[in-house]
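Q: Start from the sequences, fold in the hints, and give me the full structure.
Residue numbers (the working numbering), protein chains in the order written: chain A, 2 to 387; chain B, 24 to 333.
These aren't lab readings, by the way, just hints derived from the structure by calculation.
Since we're looking at a predicted model, the values are computed, not measured.
Just so you know, not all the hints are guaranteed correct.
Only some residues are given here: those of chain B computed to face chain A with a beta carbon under 10 Å [claimed, not checked]:
1) N113
2) I120
3) I306
Facing chain A, according to a computed beta carbon distance under 7 Å, are these residues of chain B, among others [stated by the list, open to error]:
4) V110
5) A116
6) L127
7) F128
8) L130
9) D160
10) P162
11) E166
12) T192
13) F255
14) Y262
15) P296
Using N, Cα and C, we set each Cβ at its ideal position, and we do this for glycine too.
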Amino acid sequence: MSNSSREKWLPKLIDAALPVFATLAALLVGAIMLLLLKVNPLEAYRAMWDGAFGSQNAVAETLVKATPLLLVGLGICISFRGDVINIGGEGQMIVGAILGTLIGITLTDWPGWAVIPLALITGFIGGAIWGGIPGFLKAYFKVNEILSTVMMNAIAVQLMNFLLRGPMIDPAQAELASKIPQTARLLDAFRLPRWIPTRLHLGALIAVILAVLVYILLWRTSWGYRIRAVGQNPDASRYAGIKVKNYIVLALVLSGAFAGLAGVMQVYGVNYRMITDGSASGFTGSAGFNGIVAALFGQLHPLGTIPASILFGALLVGANKMQRVVQVPSALITALNGLVVVFVVSSEIWRRRRQKRRMAVAARELEDQPPEEEECDPEDKPEVMA
Amino acid sequence: MISDLFSMTVLVGILASGIRLATPYLYAAIGETFSQRSGVLNLGVEGQMLLGAFAAFFIALTTGNLWLGVLAAMGVGALMGLAMAFVTINLKAEQGISGIGFYLFGLGLSDLLFQKLLGTVETVKGFPKVQIPVLSDLPVIGEIFFRQNLLVYIALLLVPLAWFVLNKTTLGLKIRAVGENPEAADSLGVSVARVRYFTIILGGTLSGVAGASLSIALLNVFQQNMTSGLGFIAVALVYFGAWRPWGVLGGALLFSLVNSLQLWVQVLGIPIPPDIAVMMPYILTILVLVLTVSRVRSPSALTKPFDRGE
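A: Listed below in structure tokens is the structure:
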């Protein structure tokens, strides 16, 4: 028993370490780029570390940035496990935020304890709708979800710009000549509690709790089992009587819902209003894309996505500090995030090879011995990346 | 005011700028057609375009030579294609996700280089309009087709060329075979890897030109994230065009004409909120995908890495 458990955790440890190596490789490439920009990489990276973890406030900012990444990432865990590639996090965040904000700026005579949960749920539903449309189109019309979610992003941005310039504009702004495209500020009573003096809000804790719930959903419920089954082998799932189309829609609905929640939390926890600079990233901070990076890094495991989100939150916050201290644009970090993604998916080949070898060994052992009751490993990763 | 839309000058204007706007989509989508026909989904087009746009702009600005700019964009795109090919062919990485990685890389790097090497938005004197003798004097048609810049003409010529290569040459046969049935192609002695390397690098090169057509022919500026989703739409147009160059041309023209119409609607002051008008091409693309995709079969081996089973 001790032997077999050792055989189990060692490969798992190597699997878990692969993303770490991928990050180190990306940071190495980043160091070369910094050298080309005539900046001392050690100095730049130290500034990043300082910015991300150097003080209580820095840590809080890192967690604030990590929260939307985690929420989007949880949705990505669900959809990618179902073999549905959701690139629409940006649009889903925006739509969730729009609907959630509507609650806060219209129900101004309601008490906070009612408005906050109602707004969060509305945001969740908004994202679910925006994700559900591409899900429906994929399931019933075979429209590639990568493309439709990208289109839905563009549509959501325009919807936001239209609403914030017109129907949802702050009444005070509507009377000014400047007409800054933003909504009214949320009432004090409607704001998520903060850990004073930092900006860290209750949303971070909610996100962590949800990570546990998503883990339970994926590995302890029949919904989760079916989403994963459809992701691994849709044909076999169909023969087993699973309504594959429904689970494709469900995967995108849930995935969008978590992104929508991320969006509404940016409003109720961080900015207290919606404001647009015309682009999606102006509102989302690209969390819709970076959440994908975080989830992949966490091996599409909800609990693994927690530290991964913190890492990427730290990179983002650190990048700002780096920009101030050594005058390197924070765009460098976007490029490095891209490299991390490329390196992580590229390193999958080694994990797959080892898995193949392990299965070959197991098959040989099975032939030698009479079959024994197999210990079921609920965390065994499906081949979504294959 | 609505009636203004139907005056001759406005209609000609819409069509002429529609064709002009279609150029970047055409380059990128024709390149993507090659890689998808060989079985590889390249989602990094947007990143390749951004780096191509920057390279072309920077070289054109510093040397004053537009063709050197195009060449630089091709080189940068080809390099990105080479990296994508290595990752998806040799390391068999998931194509969609690695494409997103290359997109983020191109987005970040082009922004970084822009801020470090230029700092401010500048303009460059881009490719001028070239009036084709005789033809440009034709009424209506001359104005629409024959008073464009050189990159527009090349993009339009690329369509029949791509059709010819894909359907009438052995190279095209190999590309299609590799995309439909790599095992069979392999058993006939076609190197699946080599064909895919070729198509992905070709796709990257053309994406680079697509970026150049934006930064030194259409807009003549470089800005952060100036493509804003254009590369992803080019990928959608390949599905839309059912993996055929003429279909891609149709899709690119339709999308750009709606876009051009939407711009003219704003110019003429027709009371449709501009933000809503900008949505139209995207909504249209989704609708057309709904109507076409379910009828058309994609290349069988699309997104599937090839393993010789050694």
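Q: Each of the hints needs a verdict: does it hold here or not?
A: Right, here's what the structure says about each hint:
Given hint, B:N113 at the interface with chain A, holds; its Cβ is 9 Å from that chain's nearest Cβ, closer than 10 Å. A cut of 10 Å between beta carbons decides the hint on B:I120: the least distance to chain A is about 5 Å, and the hint holds. This hint holds: B:I306 has a C-beta 6 Å from the nearest C-beta of chain A, less than the 10 Å allowed. Here the hint on B:V110 is kept, as its CB sits about 5 Å from the closest CB of chain A, short of 7 Å.
The criterion of a C-beta within 7 Å of any C-beta in chain A is met by B:A116, whose closest approach is roughly 4 Å, and the hint holds. A cut of 7 Å between beta carbons decides the hint on B:L127: the least distance to chain A is about 3 Å, and the hint holds. The interface hint given for B:F128 is met, as the beta carbon of that residue sits about 3 Å from the closest beta carbon of chain A, less than 7 Å. Taking 7 Å as the C-beta cut-off, the interface hint given for B:L130 holds, the closest approach to chain A being about 6 Å.
The interface hint given for B:D160 is violated, since its Cβ lies 39 Å from the closest Cβ of chain A, which is over the 7 Å cut-off. Because the closest C-beta pair between B:P162 and chain A is about 37 Å apart, greater than 7 Å, the hint is violated. Proximity of B:E166 to chain A is violated relative to the hint, the smallest CB-CB distance being about 30 Å (cut-off 7 Å). Below 7 Å, beta-carbon pairs count as interface contacts, and B:T192 has none with chain A, the closest being about 28 Å; its hint is therefore violated.
Checking B:F255 against chain A: minimum C-beta separation of about 4 Å stays under 7 Å; hint holds. The restraint placing B:Y262 at the interface with chain A holds, with a minimum CB-CB distance near 6 Å, inside the 7 Å limit. For the restraint placing B:P296 at the interface with chain A, the shortest Cβ-Cβ distance is roughly 5 Å, inside the 7 Å limit, so the hint holds.
In this structure, the earlier hints numbered 9, 10, 11 and 12 are contradicted, and the remaining ones agree with it.
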